[in-house]
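**Student:** Each chain, written out:
2 protein chains.
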Amino acid sequence: MGLMDSAHRTDSTDPSTPAHDSLPDFWAIIPAGGAGTRLWPLSRKGAPKFLLDLTGSGRTLLQATWDRLTPLAQDRVAVVTGAAHAAAVAGQLPGLDAAYLLAEPSPRDSMPAIALAAAVIARQDPDAIVGSFAADHVIDDVAAFHAAVREAVVVARTGLLVTVGITPTGPSTAFGYVREGMPLGAIDAPSARAVVEFVEKPDAATAADYLATGEYRWNAGMFVVRAQTLLDLVRRFQPAIAEGAEAIAADRSRLTQVWPSLTKIAIDHAVAEPAAAAGLVATVPATFGWDDVGDFHSLAALLDARAGSEGMRVLGSADDVLAVDATGLVVPGTGRLVAVIGLPDVVVVDTPDALLVVPRDRAQEVKGVVDRLTELGRDSLR
Amino acid sequence: MGLMDSAHRTDSTDPSTPAHDSLPDFWAIIPAGGAGTRLWPLSRKGAPKFLLDLTGSGRTLLQATWDRLTPLAQDRVAVVTGAAHAAAVAGQLPGLDAAYLLAEPSPRDSMPAIALAAAVIARQDPDAIVGSFAADHVIDDVAAFHAAVREAVVVARTGLLVTVGITPTGPSTAFGYVREGMPLGAIDAPSARAVVEFVEKPDAATAADYLATGEYRWNAGMFVVRAQTLLDLVRRFQPAIAEGAEAIAADRSRLTQVWPSLTKIAIDHAVAEPAAAAGLVATVPATFGWDDVGDFHSLAALLDARAGSEGMRVLGSADDVLAVDATGLVVPGTGRLVAVIGLPDVVVVDTPDALLVVPRDRAQEVKGVVDRLTELGRDSLR
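In the order they appear, the protein sequences are chains Z and V. Numbers 1 to 382, taken from our numbering, label the letters of the first sequence in order. Numbers 1 to 382, taken from our numbering, label the letters of the second sequence in order.
Simulated from the structure, these hints should not be mistaken for lab results. Worth double-checking, as some hints may not be accurate.
Part of the chain Z face toward chain V, derived, beta carbon under 8 Å [to be verified]:
no.	residue
1	Leu52
2	Val138
3	Ile139
4	Val142
5	Ala144
6	Ile341
7	Gly342
8	Ala354
9	Val358
10	Gly368
11	Val369
Given the structure is predicted, the values throughout are model-derived calculations rather than measurements. Heads up, the beta-carbon is just placed ideally off N, CA and C, and yes, glycines get one too.
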């Protein structure tokens with residue numbers, strides 16, 4: 001069943017998997033989209049979340065995604081991003097082959113983006129297994145991530161669409177869920193199970209019910225599948241997208257002409273849901289920490305978890321922050337001193353042209369502020 | 001009893017008292033000192049409170065003080081300020097005679113400052129009545145202020161030291177109090193009363209007791225007195241200060257030599273308290289609104305009162321503030337957008353080199369932050 005066995009996998013505790021442990025048929029697709037509106041004013045139209053270092057690691061989320069995937073994929077990485085961000089992506093990823101930097105003329109959601117990448121890769125490597133991983137997620141424990149992807153690749157080689165299911169940390173209403181079925185019993189992928197169904201973002205009561213069953217995991221949009229299998233599924237459920245993606249892959253000069261005609265749809269709705277209903281989807285559980293850093297509340301929690309304690313977290317120069325009896329998150333971004341007194345769980349984000357102050361538990365409302373910028377004639381701040 | 005009668009006074013409801021209503025023997029002394037530390041980062045060593053427009057009126061507190069006094073004093077105004085601020089004061093008050101801009105080589109508190117001004121004025125006008133009014137207070141109802149000063153001048157001409165007593169709006173522990181005695185029965189100053197004693201800033205219980213008696217008013221440091229009477233009192237209770245002030249007034253070149261030897265003491269302790277004990281002090285009640293704008297809590301309350309409503313007050317350009325379900329005070333000072341979400345009664349002050357976020361009810365603690373700037377090696381921000 002390929003290059004990998006389970007003993008090999010469980011030994012792999014070093015995050016920097018040696019090159020000889022890479023998977024020669026594995027290609028990574030990184031959809032680099034999403035504005036990260038709820039992380040304004042840090043995240044902007046021109047500098048979306050994935051281009052930012054949100055963890056203070058010295059690497060942006062996109063770079064960290066690259067770093068996580070290249071031990072497995074080496075240089076077999078494709079990035080799909082908006083045309084406006086293609087230059088920034090190329091700048092951040094000097095190792096990315098320009099032929100696999102796919103610039104979307106307009107946003108068409110994830111299915112056209114992933115289908116195009118799969119079609120481009122399939123022309124180069126008809127037996128490729130592709131794994132799609134968003135550019136703006138944060139993952140702790142890279143070894144566990146590699147282990148999950150290796151299992152997913154093993155299962156994907158059998159012709160299934162494999163999703164990596166995130167172990168829920170609570171009854172979140174912000175994610176869709178995957179309902180697990182029976183174990184597949186694969187020798188080299190012992191934790192893989194069938195998927196009964198994908199379900200949309202639930203309300204809080206439904207989410208709590210899901211968790212109580214122990215059968216549900218978060219759908220983080222991590223899919224591993226043979227490129228040809230994926231294209232077959234797209235051809236079956238969204239034939240126009242398959243045709244368009246393959247036409248562009250065959251003749252890249254047709255991108256601007258064909259792209260706008262592609263249906264704007266997420267991969268979940270386009271193929272994952274109907275494929276699950278047809279019994280064609282499997283899942284591998286993630287044992288690693290995962291965060292999509294959806295808002296400043298999540299970001300503060302993430303930094304708390306990394307620091308191993310709570311308090312006033314600083315994303316940037318701690319010398320620029322003076323916190324007195326205050327907790328939460330300060331992002332100093334201008335070299336100015338940021339003094340915060342007597343506020344628990346507050347978020348203060350200082351940027352050269354905009355300043356945000358919001359309690360952590362209302363961080364979701366940042367999106368509403370961004371929506372109002374246009375009304376106020378401050379569209380340039382978006 | 002002088003130029004003014006009570007009918008004349010009660011007619012004076014126009015804040016811009018006509019020039020012919022000025023008091024020819026009245027001289028204003030404006031002590032322009034105090035750092036306003038609790039208003040950091042708006043107020044700085046180099047730009048103290050009195051040099052700032054804290055009400056959005058277009059005039060600084062110093063200029064507003066000048067505007068309030070010149071209808072009564074015309075050009076008979078002396079300003080005493082730190083040497084570091086003399087140029088700024090001259091720039092803000094083009095009408096101020098340079099001979100009456102007194103620059104203190106070092107801070108010696110209010111008694112030496114006022115004694116020096118009184119000595120300088122007495123050499124020019126031996127019959128002068130001087131009135132001392134801090135440069136950093138905010139007063140509503142200028143007509144009522146003028147009425148109170150006119151009464152105080154009437155009483156001062158009789159040889160008493162007269163303080164304008166502020167009607168307390170609550171049991172403040174931030175001010176000293178004046179305890180009123182019997183009415184003086186002066187025809188042209190019907191509301192004047194004897195002063196029984198000055199008392200230091202009380203604790204909260206004592207302040208509440210004071211208010212319950214109805215006999216106490218806040219001491220805002222507004223003194224009106226014949227210049228010669230004041231100098232006599234200083235000579236009696238602080239002879240070295242009187243001697244030094246008169247020596248400097250006689251030969252201004254001696255300022256830098258004599259000034260450092262003067263006792264550092266407030267006028268309250270130096271002469272007002274012992275003079276009251278000797279039965280030499282009277283008080284006139286203030287019926288005007290008064291605020292010393294001690295911190296951002298007071299400033300927000302002041303702006304609320306002026307706006308006639310509560311909400312998010314903005315001191316500066318309202319276009320630079322986006323408040324969603326947030327109240328308090330924002331001072332935008334850099335042209336950046338300041339977005340505040342979901343925080344009641346919060347203060348956000350945005351300046352080019354420092355940013356402050358603090359709940360209104362902890363505004364007093366700003367002083368502690370300023371004290372820490374030195375420890376942190378950020379002394380330049382003070």
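**Student:** Are the hints correct? Go through all of them and say.
**Tutor:** Checked hints:
Given the 8 Å rule on beta carbons, the hint for Leu52(Z) is violated: about 18 Å separates it from the nearest Cβ of chain V. Annotation: interface hint on Val138(Z) violated; nearest CB of chain V at approximately 24 Å, more than 8 Å. Hint status for Ile139(Z) relative to chain V: violated, with the closest Cβ pair at about 29 Å, above 8 Å. Against a cut-off of 8 Å between C-beta atoms, the interface hint on Val142(Z) is violated, since the closest Cβ of chain V lies about 35 Å away.
Hint on Ala144(Z) is violated. Least Cβ distance to chain V is approximately 36 Å, over the 8 Å limit. With a cut of 8 Å, the hint placing Ile341(Z) at the interface with chain V holds, because the nearest CB-to-CB distance is about 4 Å. Interface restraint check for Gly342(Z): the shortest CB-CB distance to chain V comes to about 4 Å, inside 8 Å, so the restraint holds. With a cut of 8 Å, the hint placing Ala354(Z) at the interface with chain V holds, because the nearest CB-to-CB distance is about 4 Å.
Because the closest C-beta pair between Val358(Z) and chain V is about 4 Å apart, less than 8 Å, the hint holds. Contact between Gly368(Z) and chain V, as hinted, is supported at the beta carbon level, the nearest pair being about 7 Å apart and thus within 8 Å. Hint status for Val369(Z): holds, given a least beta-carbon distance of 5 Å to chain V, under 8 Å.
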